[in-house]
Amino acid sequence: MDVFGSFALILAFICAVYAFGGGIAAIITRHPLLVKSTRQAGIATCCLIFIATFSLEYLFFTDNFSAAYVVSHSNRALATFYKIAALWAGQEGSLLFWSFLLSIYVFSVLIAYRNKNGELMPYVGVILAGVQIFFLTLNNFVASPFKALAVPGASGAMDLVTRADGNGLTPLLQYPEMVIHPPNLYSGYTGFTIPFAFALAALLARYPGEKWIHLTRKWTMIAWCFQTAGILLGAHWAYAVLGWGGYWGWDPVENASLLPWLTGTAFLHSVMMQEKRGMMKVWNVWLVFATFILCITGTFLTRSGIVSSVHAFAQSSIGSWFVGFLIVIFTVCLAAYLKNRDYLKSESQLDAIVSRESSFLFNNLILLVSCVAVLSGTLFPVLSEAVSGSKINVGAPFFNKVNVPIGLFLLFLTGVGPLLAWRRTSLESLKRNFAWPLIVGLVAGVVIFALGCREMYSLICFSLCFFVTTTIVMEFYRGAKVIRVRSNASYLTSAIELTMRNTRRYGGYIVHMGMVLVFVGLAGVAFNQNVQKEMQPGSSIELGKYKLVLQSYDSKPEANYTGLRLNVEVFVDNKPLMMLYPERRIFETNGETGTMVAIYSTLREDLYVVYAGQSPDTKLPVIHAYLNPLVKWIWFGGVIVVFGTLVALMPNRRAVLVLSGAQQPAPEPLVHGMTPSVTYRKGQD
Amino acid sequence: MKKQAKFAVGISVIVVALACLAWLGYGESKTYYHTIAELESLKGAELSRRMRVGGTVAPGSIHHFTGRVDFVLEGEGKSLPVSYVGSDPLPDTFVDKSQALVEGRPTDGRFVAEVVQAKCASKYEAAPGGTVATSSAATK
Chain H
1 MDVFGSFALI LAFICAVYAF GGGIAAIITR HPLLVKSTRQ AGIATCCLIF
51 IATFSLEYLF FTDNFSAAYV VSHSNRALAT FYKIAALWAG QEGSLLFWSF
101 LLSIYVFSVL IAYRNKNGEL MPYVGVILAG VQIFFLTLNN FVASPFKALA
151 VPGASGAMDL VTRADGNGLT PLLQYPEMVI HPPNLYSGYT GFTIPFAFAL
201 AALLARYPGE KWIHLTRKWT MIAWCFQTAG ILLGAHWAYA VLGWGGYWGW
251 DPVENASLLP WLTGTAFLHS VMMQEKRGMM KVWNVWLVFA TFILCITGTF
301 LTRSGIVSSV HAFAQSSIGS WFVGFLIVIF TVCLAAYLKN RDYLKSESQL
351 DAIVSRESSF LFNNLILLVS CVAVLSGTLF PVLSEAVSGS KINVGAPFFN
401 KVNVPIGLFL LFLTGVGPLL AWRRTSLESL KRNFAWPLIV GLVAGVVIFA
451 LGCREMYSLI CFSLCFFVTT TIVMEFYRGA KVIRVRSNAS YLTSAIELTM
501 RNTRRYGGYI VHMGMVLVFV GLAGVAFNQN VQKEMQPGSS IELGKYKLVL
551 QSYDSKPEAN YTGLRLNVEV FVDNKPLMML YPERRIFETN GETGTMVAIY
601 STLREDLYVV YAGQSPDTKL PVIHAYLNPL VKWIWFGGVI VVFGTLVALM
651 PNRRAVLVLS GAQQPAPEPL VHGMTPSVTY RKGQD
Chain R
1 MKKQAKFAVG ISVIVVALAC LAWLGYGESK TYYHTIAELE SLKGAELSRR
51 MRVGGTVAPG SIHHFTGRVD FVLEGEGKSL PVSYVGSDPL PDTFVDKSQA
101 LVEGRPTDGR FVAEVVQAKC ASKYEAAPGG TVATSSAATK
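Protein sequences, first through last, are from chains H and R. Quick note: the first sequence uses the numbering used here, first residue 1, plus one each step. Quick note: the second sequence uses the numbering used here, first residue 1, plus one each step.
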């Protein structure tokens, strides 16, 4: 099967080369046979990569320990669940997994648009094939997952061997989130290739601006949704498994996933400027280029080991391949831009500082500043070594000092932006739209201050969260009221109907609402507490309103590990609440240990209990307990963000105008931003 | 051109404010990185700076005491005795032969570390019943 898989991979490489070279010929000659055959080749490349990936999975499922990659990451006792995930546990397999997910996107794009956008698709096909060629080069020639296991034999040649059992999966990876975090995150990274391909193709083909924006929007939203989910799942995994009580450490690999998210978010907003007013064309094109380049940079940072990280793969020379690819991408983008930039001329100007364009401009500005800051901070050791000879590292204080104010300003814009009018907002409109939100925000701030909160940033954050929530609720309320006039349905039904008629706008508001909840969760960090103590059975520690009593501890052998478990009883007001079981696991195959945190999570706070280890002198267990307020809001907010994106991706429900007899319908009152629609609108906005 | 000026002012204010914050944050958190070999050649003010040092944990050198953990880091043929005095539990990946990164200050021939980070070392295969063989497959 491994021969079969590696054969599929090399065939995929050949098809991709044809799709690329033949595709260029197809663009030049416009010969229909060339156009069709290169598209087929592109589809074939994807299918062959699917086959290769399934072959590797097959090797895992059949415990084939003659394949080096399977031996390194699996063993017989490993649960099937984790055998699937072992595919992406190491360098070679995760690169194949990257190709696999990219191929799903490429396949979908080639099939979906096979009879449309004939001017553009040949260019898109060539660009996608080019990207696939790079990753297939790595899959085939640099980091092959199908390497057979061999030892030097007596005659000096390599002898193939088969192990009785493998090494097993690293314990830190034996957690359910291992099965979902990488697929989501990689789907985000690879997904941004599609808008990149369309943007570059449109630039090369001088395709009308509105059309390529329209086409890529859905794909960008899909990639963005996966990226957001991937980042939050990673944070949750770090929180639940590593046992340091936090969820984000500004580690280089974490930052790598955040960078394209920042530019991707900026792009999702600034496209609206191009659609409505034909502005920011150059900016948008470079934003998409930057997002894709940051995705490749992100995976380069993770795999090359140029910056030290707790996540990084072992050091290898694969980094130079990525640097080469980045140089090629940048050169191609720059060349295409310089050649065709007159086609990107702006159609309008910025009119006023109090306008929706202006809020998008500031949104983009601070997202970009954040991106530059995080990128510089992450690469600082490399930069400082090049400049001054000594490697200097910057840590959390740097990243937090810059990003917290940025986050708060972004939160402010989230409330303000949607209520500003295009071009110029009048004073009456400002008063009408912002009176209530401002009042609610200020009152909330005063109340929270009165309740004892003195942390300035958290206070501002909570105020802004109330401010933004009010603006969003008001938007839904106003729109629902209009629909209710006609249909006499409840407010809820009207709000749903409202959303379904303009999914992009109201789905977007739902996403904003989700982000507000995430910010509420983040604001809790300022109030974290923790306590650590050596415990014997019967002793207790107190944290907040909780009292933790260690009842007993035991050791339990399982299939592939031994669990050292603490039985902790939690009391509130001297009444027993529940039992928690923080655990340390010692894995048989490689002797490594893993920490299983016990978390009691409520909306108000998380009680987070870790079996920190044994005291060196007394051998008694040491418990480290944390009280983390509001963390649950982050995960809950993330779910809302994903839900909102799904809503925004749905096609609009058409508004139907019903005439009864000779009665003329009263014209719908003009709700801010919404024009009455008497024509049927096709599908998505 | 007045509105252009307004935008320019607004943008500059934001960028300058954030640059100032970045500068402050940098000052608060900057940590130099040195190899074990370089430590011997540091002098004066450089020795009292907060720094990070990387190396491999020497097998059998990890000893736990009350309030500190002693071990020896090895790299490029040199060795460095380290005392970890932080309150957080050591990471699960901190075992013999793992690659570790310590952060703190050198004191009296030892290195006093407040933070210890560790990473899985490249795997060596030692399967039951089989001979030991090397593999270049990376882990994690």
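If you're looking for bench data, these hints aren't it; they were derived computationally from the structure. Any given hint could turn out to be false.
[Said to hold, decoys possible] Below, computed lysine-lysine pairings styled on DSBU-like, alpha-carbon distance capped at 35 Å:
#1 Lys-339(H) to Lys-431(H)
#2 Lys-431(H) to Lys-6(R)
#3 Lys-2(R) to Lys-431(H)
#4 Lys-281(H) to Lys-6(R)
#5 Lys-97(R) to Lys-276(H)
#6 Lys-97(R) to Lys-619(H)
#7 Lys-6(R) to Lys-533(H)
#8 Lys-30(R) to Lys-211(H)
#9 Lys-281(H) to Lys-97(R)
#10 Lys-281(H) to Lys-339(H)
#11 Lys-6(R) to Lys-276(H)
#12 Lys-281(H) to Lys-2(R)
#13 Lys-276(H) to Lys-147(H)
[Unchecked claim] Distance windows between CB atoms, simulated:
#14 Ser-615(H) to Lys-97(R): 18 to 26 Å
#15 Gly-319(H) to Ser-61(R): 15 to 23 Å
#16 Phe-141(H) to Ala-19(R): 28 to 36 Å
Being a predicted model, the structure only gives us computed values, none of them experimental. All C-beta atoms in this analysis are idealised placements derived from N, C-alpha and C, irrespective of residue type, glycine included.
Hint by hint, here is what the structure shows:
At most 35 Å may separate the alpha-carbon atoms for a hinted pair to count; Lys-339(H) and Lys-431(H) exceed this at roughly 47 Å. Proximity of Lys-431(H) to Lys-6(R) is assessed by CA-CA distance (about 22 Å); at most 35 Å being required, the pair is judged to hold. Proximity of Lys-2(R) to Lys-431(H) is assessed by CA-CA distance (about 25 Å); at most 35 Å being required, the pair is judged to hold. Distance restraint check for Lys-281(H) and Lys-6(R): the Cα-Cα separation of roughly 22 Å lies within the 35 Å cut-off, and the hinted pair is therefore satisfied.
Between Lys-97(R) and Lys-276(H) the alpha-carbon distance is near 60 Å, which puts this suggested pair outside the 35 Å criterion. Under the criterion of a C-alpha separation no larger than 35 Å, the hint pairing Lys-97(R) with Lys-619(H) is consistent with the structure, at around 24 Å. A distance of roughly 57 Å separates the Cα atoms of Lys-6(R) and Lys-533(H); the hinted pair therefore is violated under the 35 Å criterion. Under the criterion of a C-alpha separation no larger than 35 Å, the hint pairing Lys-30(R) with Lys-211(H) is inconsistent with the structure, at around 47 Å.
Restraint check: the Cα-Cα separation between Lys-281(H) and Lys-97(R) comes to about 54 Å, which exceeds 35 Å; the hinted pair is violated. Proposed proximity of Lys-281(H) and Lys-339(H) is supported: the alpha carbons are some 15 Å apart, at most 35 Å. For the given pair, Lys-6(R) sits about 23 Å from Lys-276(H) by alpha-carbon distance, which is consistent with the 35 Å threshold. Of the pairs offered as hints, the one joining Lys-281(H) and Lys-2(R) holds, with about 24 Å between alpha carbons and a cut-off of 35 Å not exceeded.
For a cut-off of 35 Å, the pair hint linking Lys-276(H) to Lys-147(H) is broken: about 53 Å separates their Cα positions. Taking 18 to 26 Å as the suggested C-beta distance range, the pair Ser-615(H) and Lys-97(R) conforms, at roughly 25 Å. Remark: the range hint 15 to 23 Å for Gly-319(H) to Ser-61(R) is contradicted by a beta-carbon distance near 31 Å. With their beta carbons about 44 Å apart, Phe-141(H) and Ala-19(R) fall outside the hinted range of 28 to 36 Å.
Going down the numbered hints, you'll see the structure goes against 1, 5, 7, 8, 9, 13, 15, 16, while the others check out.
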